[in-house]
Amino acid sequence: MSALIEVQGLSCGYGNKTILKDVSFSIERGEVVAILGGSGCGKSTLLKHLIGLYSPQAGSIRIAGNELVGTTGADREAILRHFGAMFQAGALFGSMSVLDNVMLPLQSFSQLDAPAIEIIARLKLRLVGLEAFADYAPAELSGGMQKRAAIARAMALDPEILFLDEPSAGLDPLTSAELDALIRRIAETQHVTCVLVSHELASIHAIADRAIMLDRSTQGIIAIDTPEALAQSSDERVNRFFNRGQLRLVPQHCAASEPTLQG
Amino acid sequence: MPPTEAQLRPTPTVTRFELGGDLTLATSSALWQRIQQQQWAEIEIDASAVQRIDGAGAALLFELQQRGARILALPAQGQRLLNALSPELPLLKTTPKPAQHLITRFGARVRAANANFYLQISFLGAICAALWQSLQQLRRFRWREFCLQCELVGANAVPIITLISILFGVILAFQSAIPMRQFGAELFVANLLGLSLIRELGPLITAILLAGRTGAAFAAELGTMKVNEEINALVTFGFDPIRFLVLPRLLAGVLMAPLLTLFAEVVGLFGGALVMKGFGIPFATYYSQIAGQVNLIDLLSGLSKAAIFGFIIAAVGCYRGLATGNGASAVGAATTQAVVQILVLLVVADGLFAVVAYHMGW
Ligand SMILES: Nc1ncnc2c1ncn2[C@@H]1O[C@H](COP(=O)(O)OP(=O)(O)O)[C@@H](O)[C@H]1O
Ligand SMILES: [Mg+2]
Numbered sequence: 001m002s003a004l005i006e007v008q009g010l011s012c013g014y015g016n017k018t019i020l021k022d023v024s025f026s027i028e029r030g031e032v033v034a035i036l037g038g039s040g041c042g043k044s045t046l047l048k049h050l051i052g053l054y055s056p057q058a059g060s061i062r063i064a065g066n067e068l069v070g071t072t073g074a075d076r077e078a079i080l081r082h083f084g085a086m087f088q089a090g091a092l093f094g095s096m097s098v099l100d101n102v103m104l105p106l107q108s109f110s111q112l113d114a115p116a117i118e119i120i121a122r123l124k125l126r127l128v129g130l131e132a133f134a135d136y137a138p139a140e141l142s143g144g145m146q147k148r149a150a151i152a153r154a155m156a157l158d159p160e161i162l163f164l165d166e167p168s169a170g171l172d173p174l175t176s177a178e179l180d181a182l183i184r185r186i187a188e189t190q191h192v193t194c195v196l197v198s199h200e201l202a203s204i205h206a207i208a209d210r211a212i213m214l215d216r217s218t219q220g221i222i223a224i225d226t227p228e229a230l231a232q233s234s235d236e237r238v239n240r241f242f243n244r245g246q247l248r249l250v251p252q253h254c255a256a257s258e259p260t261l262q263g
Numbered sequence: 264m265p266p267t268e269a270q271l272r273p274t275p276t277v278t279r280f281e282l283g284g285d286l287t288l289a290t291s292s293a294l295w296q297r298i299q300q301q302q303w304a305e306i307e308i309d310a311s312a313v314q315r316i317d318g319a320g321a322a323l324l325f326e327l328q329q330r331g332a333r334i335l336a337l338p339a340q341g342q343r344l345l346n347a348l349s350p351e352l353p354l355l356k357t358t359p360k361p362a363q364h365l366i367t368r369f370g371a372r373v374r375a376a377n378a379n380f381y382l383q384i385s386f387l388g389a390i391c392a393a394l395w396q397s398l399q400q401l402r403r404f405r406w407r408e409f410c411l412q413c414e415l416v417g418a419n420a421v422p423i424i425t426l427i428s429i430l431f432g433v434i435l436a437f438q439s440a441i442p443m444r445q446f447g448a449e450l451f452v453a454n455l456l457g458l459s460l461i462r463e464l465g466p467l468i469t470a471i472l473l474a475g476r477t478g479a480a481f482a483a484e485l486g487t488m489k490v491n492e493e494i495n496a497l498v499t500f501g502f503d504p505i506r507f508l509v510l511p512r513l514l515a516g517v518l519m520a521p522l523l524t525l526f527a528e529v530v531g532l533f534g535g536a537l538v539m540k541g542f543g544i545p546f547a548t549y550y551s552q553i554a555g556q557v558n559l560i561d562l563l564s565g566l567s568k569a570a571i572f573g574f575i576i577a578a579v580g581c582y583r584g585l586a587t588g589n590g591a592s593a594v595g596a597a598t599t600q601a602v603v604q605i606l607v608l609l610v611v612a613d614g615l616f617a618v619v620a621y622h623m624g625w
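As given, the protein sequences belong to chains A and B, one line each in that order. For reference, each letter of the first sequence is one residue, going 1 to 263 in my numbering. For reference, each letter of the second sequence is one residue, going 264 to 625 in my numbering.
None of these hints come from the bench; they were simulated from the model. Treat the hints with care, as some may be off.
Non-contacting residues of chain A with respect to chain B, defined by C-beta distances greater than 10 angstroms in every case (computed) [what the hints assert, rightly or not]:
#, residue
1, D172
2, E178
3, R216
Now the in silico label distances, taken between C-beta atoms and shown as ranges [unchecked claim]:
#, chain 1, residue 1, chain 2, residue 2, range
4, B, W406, A, A181, 52 to 58 angstroms
5, A, D113, B, E414, 38 to 44 angstroms
6, B, G284, A, F109, 18 to 24 angstroms
7, A, A181, B, A371, 42 to 48 angstroms
8, B, W406, A, A58, 38 to 44 angstroms
9, A, N66, B, E414, 51 to 57 angstroms
10, A, F109, B, V498, 39 to 45 angstroms
11, A, D135, B, R372, 21 to 27 angstroms
Quick reminder that beta carbons are idealized off the backbone N, C-alpha and C, glycines included.
Could you put together the complete structure from these sequences and hints?
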């Protein structure tokens, strides 16, 4: 069976500006894959192209064997129905309660009646630990809870692939670790393939089966491997990223020596 | 051992259903309706024939189990999905809020309006305090922001003000010239135009345009800043949002409204002049008619009214912006409230002004 997501020679950017050039990789069913890289190297850009928000400058994206690039109309909608996405800022609809946010996709895209939709939506909230907050407005939740609610909404239609852009951005380490555990649990119990953007080493090690490392200067992928293997990598750039947590604060070679004057 | 009575009763027979096929979001809508139609207590459901199952399918099994059915022989994948939902715990149901009595709701409204009124008074007080502080430290007033706001409020409004006021002058002149002509009194259309534009319509048209253009913009801008916690950031840095944000806008409003009004009056009168020319009245005659009718007091009272209108527009716009609640829809609500309140206050202020002017003999 072919890979669930297969990207071939993808070049993407905005207008005439190319951010990523000739990128190829594939993601298997059930994997959790992290997209890594420094700020501004095009992680969000890649994700938005994978979701089909922008059309790439060149290349192909195949989802479960179906080409996404250049497909329009009902075929495209059928492909997009495989996706759930959570954006960097959560993007819950502020004028609706948390429960309504989760019910909205179900109301629009399923034939179920109202009681069934409510049960499903409440169970999605239970899955992310927000069952008791169903009637809160998004603004009344903390940052971590908003992220979890956004995940519940992204999971509403039981997507095959869940895309997450910096799920733990702006959260404290503890909340961020909780969120990582939640994402891992959802990936395992709900049989969903996860593609997430992250720059936090801790979460990459906790969640990801594999990591795709982007680099700004080469405008492309510099490594794809398991987090463990990447941490051992001999590549200078990968190494710098993975070992930056161990920056030495005390310079090793104290070259400066007292000037002496000898007569 | 005491003898027991002879008994005869039916043994509970277990009903068994067999569940099969794909249990997914797209394929289970008929089943959802079916499970609401009967009792499921003490019923066994053999799920061994279930093929594909997703989260929505697991939710359906959850609901069956909540209704008392026992799910048997579910394939491992489905069992994992179901276990993740903790099927032994019933769903939390939110109790709908009891409907409030009409009188309670009315009371709550009145209270909210009252509280709002107090807030507005204290906002007015805060403006005065900030103004006083700024007067003592003129250097620290944000002159650049003030100039930027003057440009946004004043200069950028010139095209639309030109368009509307020339249209107004032309229509007013034309529509009054037709009946006046029957009495041979077209000439006095100039008096009519001069008086009404300079005393009433000039300030009012300008204020209404500014309410839609500037009042709404202030409310939306400050409201978005509030929602994005930019206001909180300012406060933590020790900036007073009134001094930092409101004062420059307020002064720009107070200064630009009279200037725009003056401009609108000139343009409106020019539009009238064009029409009058068509009716055979030369510019010079038109001008001397107006100059004979309108005196400096008329002009100044119109302009001071415009300044008050400018104050109302800027103050209410800023107040509504700062009072914005949470979320994107709150910004929309704040903007709407700002424009509505500005228009109401404009009418009230205009009425008060007319009463004062009448008693002062202006
Ligand atoms: N909508 C856009 N239009 C033009 N350029 C953009 C846009 N969004 C992002 N960029 C540029 O693309 C580059 C990559 O951005 P992004 O993918 O958001 O980075 P990150 O890896 O931090 O998520 C940046 O240089 C950014 O300036
Ligand atoms: Mg990003």
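Now the hints, each set against the structure:
1. With a minimum CB-CB distance of about 17 angstroms to chain B, D172(A) clears the 10 angstroms threshold, and the non-interface call stands.
2. No beta-carbon of chain B comes within 10 angstroms of the beta-carbon of E178(A); the shortest separation is about 16 angstroms.
3. Distance check for R216(A) against chain B: the nearest CB is about 28 angstroms away, which clears 10 angstroms, and the non-interface claim stands.
4. For the pair W406(B) and A181(A), the beta carbons lie near 53 angstroms from each other, so the given range of 52 to 58 angstroms is met.
5. Roughly 56 angstroms separates the CB atoms of D113(A) and E414(B), a value that falls outside the hinted 38 to 44 angstroms.
6. For G284(B) and F109(A), the hinted distance range of 18 to 24 angstroms is satisfied, since their beta carbons lie about 21 angstroms from each other.
7. At roughly 43 angstroms, the beta carbons of A181(A) and A371(B) sit within the given window of 42 to 48 angstroms.
8. At about 51 angstroms, the CB distance of W406(B) to A58(A) disagrees with the hint of 38 to 44 angstroms.
9. Hint check: N66(A) to E414(B), Cβ distance near 53 angstroms, so the stated range 51 to 57 angstroms holds.
10. For the pair F109(A) and V498(B), the beta carbons lie near 43 angstroms from each other, so the given range of 39 to 45 angstroms is met.
11. Look at D135(A) against R372(B): about 23 angstroms separates their beta carbons, and that is inside 21 to 27 angstroms.
Against the hints set out earlier in the document, violations occur for numbers 5 and 8.
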